[in-house]
Amino acid sequence: MENELARVGKADFGQHNDAAAFGFLCQSLLGQDPVKSVLGQEGPKLITKWVLFQLSPLFNLGLPTLVEDALLHSFRLPPALVKKDYDRLADFFRDAAKTIVDEGERLGIPREEAVHNILFALCFNSFALWSLRRARRSVEQTEPLEVTDSHSHARLTDVSAQ
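The numbers in full-length UniProt numbering rise by one with no breaks, and the one at position 139 of the sequence shown is 139.
Hints in this document: simulated from the structure, not taken from any laboratory. Be aware that a few hints might be false.
[Stated by the list, open to error] As a list, the in silico DSS-like pairs of lysine-lysine whose alpha-carbon atoms are at most 30 angstroms apart:
id: 1; residue 1: 84; residue 2: 45
id: 2; residue 1: 36; residue 2: 83
id: 3; residue 1: 36; residue 2: 98
id: 4; residue 1: 45; residue 2: 10
[To be verified] So the derived label-pair ranges between C-beta atoms look like this:
id: 5; residue 1: 111; residue 2: 33; range: 32 to 42 angstroms
id: 6; residue 1: 98; residue 2: 66; range: 30 to 40 angstroms
id: 7; residue 1: 41; residue 2: 129; range: 41 to 51 angstroms
id: 8; residue 1: 100; residue 2: 70; range: 38 to 48 angstroms
For each residue, glycine too, the CB sits at the ideal point set by N, CA and C.
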C-alpha cells in the first residue's frame, strides 16, 4: 500500500481493511487465522462475490431503469457462478468452527445447517455489513454520492437522499 501511495499518490485501503476485518472476526470468534487456512488471502474476495450475488437485486448500477430491471431486478443471478467459492468458505467454516458446530449438533441442529448458519452470520451479517458501511461512509463523504467498490465493480448509491 505504501508503494502504491508513493507511486501514484493514492492507495486503495479497501482490500487491506477487508482482510483485517475478516481476520479479526475469524480469530476473535473462531480462534483461527483464515490466512493460514485453505482460504489463504482469498477469503474477503470470496465473501464479496457471494454477497454481491445475494444483494444484486438491490444495487443501482446507473443503467437505464428498463435495462437494469431486466438484468438485475427481474431474476436471480445463477448460484452456480459462486458455488465453488461458497463451498470453499463452507469448508473453512467446517474446520474453523468445529467446536461451535459440535455444540449446535448437541443442541439438535444438523451439522451442515450449523455450518451454513455460521458462515451466513459471520460473512453476511458481520463482514459484509462492515464492508457496506465502509462503502456507505465513503459515499456520504464524497461527491457525487456514488462510489465504485474495487472488489465488485458495482456502484453503490446512497438511496437515503432519494
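Verification of the hints:
1. With a C-alpha separation of about 13 angstroms, the suggested pairing of residue 84 with residue 45 holds against the 30 angstroms cut-off.
2. Taking the CA atoms of residue 36 and residue 83, the gap is near 22 angstroms; set against the 30 angstroms cutoff, the hint holds.
3. With a C-alpha separation of about 16 angstroms, the suggested pairing of residue 36 with residue 98 holds against the 30 angstroms cut-off.
4. Proximity of residue 45 to residue 10 is assessed by CA-CA distance (about 21 angstroms); at most 30 angstroms being required, the pair is judged to hold.
5. Checked against the hint of 32 to 42 angstroms, the pair residue 111 and residue 33 fails, with Cβ atoms roughly 23 angstroms apart.
6. The beta-carbon spacing between residue 98 and residue 66, approximately 49 angstroms, falls outside the hinted interval of 30 to 40 angstroms.
7. Taking 41 to 51 angstroms as the suggested C-beta distance range, the pair residue 41 and residue 129 does not conform, at roughly 22 angstroms.
8. Distance hint check: the CB atoms of residue 100 and residue 70 are about 42 angstroms apart, consistent with the given range 38 to 48 angstroms.
Checked against the numbered hints given earlier, the structure breaks hints 5, 6, 7 and satisfies all the rest.
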